[in-house]
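Asks: Letter by letter, the chains look like this.
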Amino acid sequence: MQTFSGVGVAPGRVLGPVRQMPKPIQEPHANVNIPADVTVESQAQRIKDASKAVQAELRERAANANGEGKEVLEATALMAADPMLVKSAIKLLKHETPGGARTAERAVWEAAATVAETLKALGGYMAERVADVLDVRARIVSELRGLPAPGIPASEVPFILAAEDLAPADTATLDPAKVIALITSGGGPQSHTAILARALGLPAVVAAAGVDGIDDGTEVYVDGAAGTITAEPGEELRVAAKVWANQASTLAAFTGDNTLADGVRVPLLANVGTGADAVKAAGAGAEGVGLLRTEFCFLDRDTEPTVEEQIAAYGAVFAAFPAKKVVVRTLDAGADKPLPFLTNADEPNPALGVRGYRTDLTSPGVLERQLEAIAAAEAAHEAEVWVMAPMISTAEEAARFADLCHAAGLKTPGVMVEVPSAALTAETVLGQVSFASLGTNDLTQYAMAADRQLGPLATLNDPWQPAVLRLIKLTADGAATASSASGQAKPVGVCGEAAADPALAVVLIGLGVATLSMSPRALAGVAAVLKTVTVDQARELAGIALAAPSAAAARAAVREHLPVLNDLGL
Amino acid sequence: MSERTATIASRVGLHARPAAIFAEAAGELDLEVTIARQGEPADEAMDAASILSLMSLGASQGDVVVLRAEGTGADEALDKLVKILETDHDAE
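Going down the list, the protein sequences come from chains A and B. Heads up, the first sequence is in our numbering, so the first residue is 1 and it goes up one at a time. Heads up, the second sequence is in our numbering, so the first residue is 1001 and it goes up one at a time.
FYI, nobody ran anything at the bench for these hints, they're computed from the structure. A portion of the hints provided could be inaccurate.
Restricting the straight-line Cα-Cα distance to at most 30 Å, the calculated cross-link-like pairs of lysine-lysine (DSSO-like) are [as the list claims (entries may be wrong)]: (1) Lys-1080(B) x Lys-325(A); (2) Lys-23(A) x Lys-1080(B); (3) Lys-48(A) x Lys-325(A); (4) Lys-52(A) x Lys-87(A); (5) Lys-324(A) x Lys-411(A); (6) Lys-1083(B) x Lys-94(A); (7) Lys-280(A) x Lys-87(A); (8) Lys-1083(B) x Lys-91(A); (9) Lys-1083(B) x Lys-52(A); (10) Lys-70(A) x Lys-1083(B); (11) Lys-1083(B) x Lys-337(A).
Make a model of the complete structure from these sequences and hints.
Replies: Printed below as a string of C-alpha cells:
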C-alpha cells in the first residue's frame, strides 16, 4: 500500500485502475541536422505510415461511438490521412524547400500549422475545426515518436484518470461514464480539474505529488473528501468504496426547501451558465439561481451579441425558475476569460487588469446594453431577477452600478465581493446596493496573492485560510450594519466553490451568510450536512475555524465536530 | 480531361458531413480528381479527396464547382461525384 496525499476538491470514495493522461506533445525542433543516410523517401514513408495508423485508430474509435461524437471522429479520421496534408508535409522534407529539409515530425507540425491558419482565417465553422487539425497533428507526431496518443486515454473499462493537470480542452472530451475519479499532481482547489470534477460530480484530488507517476493499470482507492489516494488498497478501503457507492445513491435526492436542524431556512441555489444548465439545476431541486454567468453568451465571439440575442439567452434561464430568485452577474470578461472586443490581451498582469465591471471604463455601452437586455428578459418572465457586478472594489463603483441598474428599470442591484477592498469596506459598499455575493475563488486568490491555477500554491489558494474566513465575516458583519442603518435587509450569499464544500458551508452560515449557490451536483451533499446543525452550532464552528492557525487546522477542527461528514463520505 | 460542373446542395455547404462523404468517395477512386470554384483556373484546383482542401474551398449551398479528372472511367467517376454534391445530405 502506497499513499499519496493532496487537496480533496470533490467528495467520493472510489476504487479503480489508473490510466495516465499522456503528457502534452512538445513542438518538434526546427533546424535539426538530418543525417546523410536518412532519405526523403524513407521519411515520406514514415509520415504516410503514421498518418494511416492514426486514421485507423480514429476509425476504430468512430465505430464504437454514437451520434455527433461518431461524426466528429469520422471527419477527424479523414483529416489524419488527408492527401493535401501528407503531400505538403512531404514537400517540407526536401532540401530545396525554403528553410531547408525538416525532420518528419517537424514537417507534419508545420504543414498542419499552415492548414490550421487557413481554416482560422476563414472563420466560423472552419475556424472551429482548427482544434481537430491540431489534435490530428499531435496524434501523428506522437505516432512518429512512438509515444501514446495525446488526450484522455480510450478504455473499455471505467478508470481513474491521473494527470499533471487537465486543460479546458481535455475536459470537453472526458466521458463521465468511463472516468470515475480525477487525480492530479498539479492544479489547485480552483483549477480547471477541480471545477470540472465538481460539475460532473466526480471524486477528485489535486496537488497530490507523485500521482502522475503511478503505473497504468494499478488499482487505487481515491477519497475525494480526505484528499488521499491509496495504491493497492486493503480490504477496509474496498469496503469503504462499497459503502460510498450505496450512500451516493441515497444522497442524490435534494428536493428543495433547505433548512437547518432548528428550522432556519438557508436557500440552496445553483450556479448556471445557460438555459439548458438552468433546466438541469431546477430538476436537481435548486431553489433558484445564485450565479448566472452571462459570459457564456459572449465567449467565442468576435463581436458583442445583440440585445435580442441576450434577451433570448437570459430568458431561457428565467423561464426555468418562475417566481424564484435568479441572480444575474453582468459580464465578467478578462483574466482567464478574454474577449476580443472587450479585453486587452497584452496586459502584463491580467488578474489585476481591466476585467469584470472595470471593462465598462474602456468599453462603455456594453454593460448598459446588457442591463437593458436583462430588464427586457425579466419583463417577459416570472423569475425574481437580481443583478450584480463582478470585481467591484469601491463604494463609488457600487453606487454607479446601482444607478445604471435603476436607469435600466432593474430593482435589485448588488455586487460581487471578490476584491479584499470590497470586503474591508462592506458596510459602505452595501450602503449603495441591495445585496452582495462572495466570489470565494477570486477573493481567495486576491487575499492570498496566489494564482488560482498554480499547483505549487494550492495550500495558499484555499478558502479555509483564516484570512479569507475573516474577510467573509467582515462582509457579513458590514452588510448587517448596513441593513440596520437602512432598515432594508441586505443579504450576503456565497457563489464560489467554497459553498459546495459541505463542511465549509456550515462555517459560512455561521459567519452570517444567508444563501449558498453551487454546482447542482453539490446540492444534496450540502443539504444533508446542513440539516444536522443549528445556527448556534454553525456559529460555534465558525468561531473555531476563525481562530485556527492554518487552513488545514481550520478544516480538521471543523470536520472533527461534524461526524456526519465521515458517515456520508463527504 | 473530363470535366463536370455541380451545384452544392447541402444546406451547410461543402463541409462537415457532406465534405466527409465526398472526400471519402473521391479517395476511393483510382483517379486523381480535382475540384475548383467555377471561374477559377484549372491549375489552382485542389485535390477532391482532401477534406481539408474541401473545407478551405469554403463552398456554400448554391455555389457552383468544377470537377476534373483524366483517365479511364473518368466520366463515370465524375458523374457519381456530381450526384453526391447535388444531394442535400442534411435532409436525410
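Asks: Would you check the hint for Lys-70(A) and Lys-1083(B), treating anything up to 30 Å between C-alpha atoms as holding?
Replies: The hint holds at about 24 Å.
Asks: Lys-1083(B) and Lys-337(A) were given as a pair; does the straight-line alpha-carbon distance stay at or below 30 Å?
Replies: Given that 30 Å is the threshold and the Cα spacing comes to 45 Å, the pair is violated.
Asks: Run the distance test for Lys-280(A) versus Lys-87(A): straight-line Cα separation, threshold 30 Å.
Replies: 48 Å, violated
Asks: Keeping to a limit of 30 Å between CA atoms, is the pair of Lys-48(A) and Lys-325(A) held or broken?
Replies: Violated, because 59 Å separates the two Cα atoms, which is more than 30 Å.
Asks: Going straight from one Cα to the other, do Lys-1083(B) and Lys-94(A) come out at no more than 30 Å?
Replies: 39 Å, violated
Asks: Do the alpha carbons of Lys-1083(B) and Lys-91(A) lie within 30 Å of each other, as the hint requires?
Replies: 33 Å, violated
Asks: Keeping to a limit of 30 Å between CA atoms, is the pair of Lys-1083(B) and Lys-52(A) held or broken?
Replies: Judged against 30 Å, a Cα distance of about 28 Å means the pair holds.
Asks: Between Lys-1080(B) and Lys-325(A), is the straight-line Cα distance small enough, at 30 Å or below?
Replies: It is violated: about 59 Å lies between the C-alpha atoms, which goes past 30 Å.
Asks: Mind checking the alpha carbons of Lys-324(A) and Lys-411(A) for me, to see if they're no more than 30 Å apart?
Replies: Given pair Lys-324(A), Lys-411(A) holds - Cα atoms ~15 Å apart, limit 30 Å.
Asks: Could you grab the alpha-carbon distance between Lys-52(A) and Lys-87(A) and see if it respects the 30 Å cut-off?
Replies: Holds, because 13 Å separates the two Cα atoms, which is no more than 30 Å.
Asks: Straight-line Cα separation of Lys-23(A) and Lys-1080(B) no greater than 30 Å?
Replies: At roughly 45 Å apart (the allowed maximum being 30 Å), Lys-1080(B) and Lys-23(A) break the hint.
Taken one by one, the earlier hints fail for this structure at numbers 1, 2, 3, 6, 7, 8, 11, listed in ascending order.
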